[in-house]
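Taken in sequence, the protein lines are chains A and B. Quick note: the first sequence uses the numbering used here, first residue 233, plus one each step. Quick note: the second sequence uses the numbering used here, first residue 193, plus one each step.
Don't read these hints as lab results, they were simulated from the structure. Ideal placement from N, C-alpha and C gives every residue a C-beta, glycine not left out. Keep in mind that the hints are not guaranteed to be accurate.
[To be verified] Part of the chain B face toward chain A, derived, beta carbon under 7 Å:
no.	residue
1	Glu-293
2	Asp-296
3	Arg-375
4	Ala-376
5	Asn-409
6	Gly-411
7	Gly-454
8	Ala-457
9	Thr-464
10	Asp-468
11	Pro-470
12	Val-477
13	Leu-479
[To be verified] Heads up, simulated SDA-like pairs for lysine to any residue below, C-alpha to C-alpha not over 25 Å straight-line:
no.	chain 1	residue 1	chain 2	residue 2
14	A	Lys-276	B	Arg-444
15	B	Lys-378	A	Ile-395
16	B	Lys-378	A	Gly-409
17	B	Lys-378	A	Lys-443
18	A	Lys-276	B	Gly-454
19	B	Lys-378	A	Ala-304
20	A	Lys-276	B	Pro-459
21	A	Lys-443	B	Thr-463
22	B	Lys-378	A	Met-391
23	A	Lys-443	B	Met-466
24	A	Lys-450	B	Val-364
25	A	Lys-276	B	Arg-453
26	A	Lys-276	B	Ser-448
27	B	Lys-378	A	Tyr-387
28	B	Lys-378	A	Tyr-369
29	B	Lys-194	A	Ile-395
30	B	Lys-194	A	Glu-396
31	B	Lys-378	A	Gln-331
32	B	Lys-378	A	Met-397
33	A	Lys-276	B	Glu-449
34	A	Lys-276	B	Arg-445
35	A	Lys-450	A	Val-435
36	B	Lys-378	A	Val-435
37	B	Lys-194	A	Met-391
38	A	Lys-276	B	Thr-455
39	B	Lys-378	A	Asp-402
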Amino acid sequence: MPRPVRRSGLTMPINNPRFVDRSWTRDCDYLNFDLEDSVPQSQKDYARSQVRHAIVQGQKGAAEINIRINCAYPDADVPAAVWPGVKQINFPKAETGAQIRHLDALITELERVRGIRSGTVRIGATVETTLGVANSYEIASASPRIDAFGGGTGYDMSMDMGIEMFVGFDQFVYNRGEGELIALALGLEREGGVYMSDTTGNVGNAELSIKRAEASRKAGLRTGGGLHPNVVAPQNLGLTPTVNEVEDAHRVLSFFAELDQRGETEGDMDGRIVDKYEAARAEELIEWASLCAHRDAEKSAAREQTVAELDEQN
Amino acid sequence: MKVFVRRSHLLVPVLDREKVETSWTHNADSVILDLTGIESEDDRSRARSLVKESIRHACRGGADVFVLPNKALARADIEASVYPGLKGIVYPGAETSADIEEADSILSELETGRGIASGVLQIIALIDSGTGVWNIREIVTASPRVCSSGLDELNLCRNMGIIPYADFDPFVYAKGRIVVETRAAKVQPIGISHPYGVLPQFDDADEIYQQALRGKNLGFAGAICPDPSWVAQCNTAFAPPADRLEFFRETRRLFSEGVARGTAAVPYPGTTMMIDVPVDENARVNLELWELCAAREAEKAKAIEKQESTMA
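Next comes chain B alone, as it looks inside the complex (with noise of 0.2 Å):
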């Protein structure tokens, strides 16, 4: 899969129809539109109803738009959000390798009954239960299609009966096993840090900031938001800091200049750091990951602008 920039995944309820509309305005990365929680079953026919009038919303910023489907009614959510304009779904509570082999089949139907290019449309499989996390490599290499993983905090609280409390991170080995059998088959792991996965606030940019700061350093490369007030931040903290960039790119002048002169073992003038392959290749690695996210920054420009002149 070709690499890509997700550093925001904002979260949306389809039948909220302000929150859709304006969703394309927050500059996040990702838009998911969100079909789960509706209890009655008109509401729900009405929310499949409005799937692809939310797509095209929700991609006028550059967004990728994903779909979140009930799990026990995947099939008809999923072919109610198969139109031109999704990157793919949100396969809910993801336990085994046969969810995502489902799911899989159920995308290639759609793509080749509805004239999409066929593997083109991507999963993003939530964890919620102690089965799913324990079966993590089957399920994030069941499928190319699987781009991202993570847990579903809350829903994994309910699933194991644990009551969310702030002192406390009950998942620290649940995410660090998604994140490592995540980046080990090369999806991106998305998630944020503890309290904020089983607690989320809104008001507090610092604070929202600093929890995916803490997040990234725990290796996820993106967040779901719950609210547009994650966007800016996750969009910050996911990327390479920018008061580093200097410091990457004099990393790599050192070392290169090391090697030619026949040492791989340089030392950073002024610290007691010693820059060798790996601290390069880490240099190198922030500054092509620091192009990406700007190329994306641009991207999304772009669709803005567009938006805008049509609008005018």
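Bound-form chain A, shown alone (with noise of 0.2 Å):
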């Protein structure tokens, strides 16, 4: 399976048509149509009706189609959500392995009886718990269709560990830690992103944004997200490398090539080492911009057409 590309993504209730009927106009890798807090407990079960129409707004847009389901109600989320077309349920508040596994095993079976590929639709658990972040590293192996996993942040985290957000350091150091290690040693992409002092909340601060996606991408993060449309262009932007260095990527491998037709294993290009540890790091940069520009072209085709069908309509 190709490394899939999430710079980008717009967590919005399903059961909102004004959010959900634009959504396929925001230019997201996906979109994460939400069953869980944002829909209010009268209009789960209309929520989960919708789960169709979303998929097809979603995907006029090409984006990455993902469902937000209740941890409470699996069994009832699960049935709504799993259709063609959506690649990944997203199961909030992970604690246990359990959990995942039950989740697996509901998913499994829809993949048979709906006509879906077996084993294609992926599971993102998030840990917005301590009792998550300590039993991170069964919930991340619990299913094989787990294929990025990070530490737990957010409000409902804060909420866990008697916290206030945005008081300007990083309390997240230790969940943070723990995920990316365990994403590491189990060989998944690690989520999230670097901490940045922000003292506002302000969900669409797109100032912000792209220098945290730039830093995350510095630091080897490829995944993104939130609720503000205003965030989309600087994660997408962000998290994509820049042509500087891809071009700065290429010359490391020729060097590299060169060093090793001498047989050499390390060598001095313009005052920095470089060894297989930077070709490696060259070659995954220019694989991800390469993902990336493939994704940025899908996504305008998608929308190309969708505006030309819409004109046709009017």
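Please dock the two separately framed chains into a single complex, following the hints provided.
Here's what the structure looks like:
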């Protein structure tokens, strides 16, 4: 399976047509249609009925479709969520491996009865409680459907830790460290972003978003996501390698190939050491840049086609 | 275990009689009577003989009273401490579940022998070694008596060969692990921010408050106070901020209105903030904690009033 590109993604209440019907215009790599915390209890059934409509809307812009279910109602939510076109079921407040194994079994059955290729619907396990952090390894290793993992941050985690967020220092060092370490140990994509001081909690802060995305990219992180359309473009841009970085990576690889031909394992290129680690990093960066370019072309073509179809209808 | 408010744990050496006798006047949520650091056998015997009377002094202001025994002399120290009025013990240098199980067993035996209700005595587990930090999960889940856990940062420095240094916090990982594993076990983590955990200061009230507040925002629910100057600051810092109460109430009101309209994503007017379930829950939790803190203050005030009327 090719490495998914998930630089940007908006989480939105699936019961709100104002958000869902415009979701394809946002240029998101993925869309996370929510059945959970942004949907009131009284609207859960209605929300479940909206999944297929949301898939159609989101796909107009070629976004990858994710559905966030309620951890308390997997048996009701999963049958409503797993349809052709859905790439990932996001499971919030994951606390045990057993929850994930149960989810995997539900998805497996629905893939079978709905003609979806077996094993292709991924699980996004989101850790949002201290118990989830404590059980991170068993959660992340509970299903081969999990391909990315990160540490617990955010409002739910803050509540469980008894802390106020946005106080100007990193309160989740341990959580993030555990998540990233476990992702690396299990060969998964590391999720999350680097810490940057934010004392406002403004979910639409584009300036902060681009700084964080660029810093995250340099830290080897590749995924983003948010709640406000303002952060989509900054994340797409910030998590994509720049032209200069790609050129530099090609030079590193050429230099390393020359070293290799001479039977050497490391050498000095413009005052910096190039060795097999630098070469591997350059290779990953070139591959990532190519995947990002492909993803951008895919989304752009889909949006153009949708606009043309709409023009034709009018 | 019933939810409790223990923001300040005032540490008092049992042999310092003046400190013991005035310990109840500082409005601490808890007083810890310290039996450690006593060199001679005579002093140790004298300290043990003073515990019963010390408990009476320490609890006069409504504080929960704990005794800190020596790990190597735990049985004898605990035997000298289990009397009516005692809330529990602070177990120093816990490294494995076996340490806690042993303390649990001693407490059970003494509860039975001394007419104290079974299972009421609590344990605060203090960690001062790498082994303890690594095994924190088995320590905090070893007994239902474990109510709180924290790092003894000075002893952890000694055990790890670290020289305390204000510019660098050597225990970022250890504190994160204690907070996460302790809260995951529904136990209260206690601690303060760096550098006060290794280099405590007592003369700057505002700085004490800031350090305690930062500790709270790392996930701690209270702190051990080596000096009475920390008590008021910890009581304030570990409670929800008074200036946010109106915001929490308004958050709850707006969210409830939104849910009635069929939406659980509600903008907070004049901000870019969206209120959804976790934001509403956070407001609820803070308002509940505020009520609990207010009830604890009332409880202590009542105890002090009773003392003053008795003395008058």
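| field | Violations among the numbered hints | value | 1, 2, 13, 17 and 36
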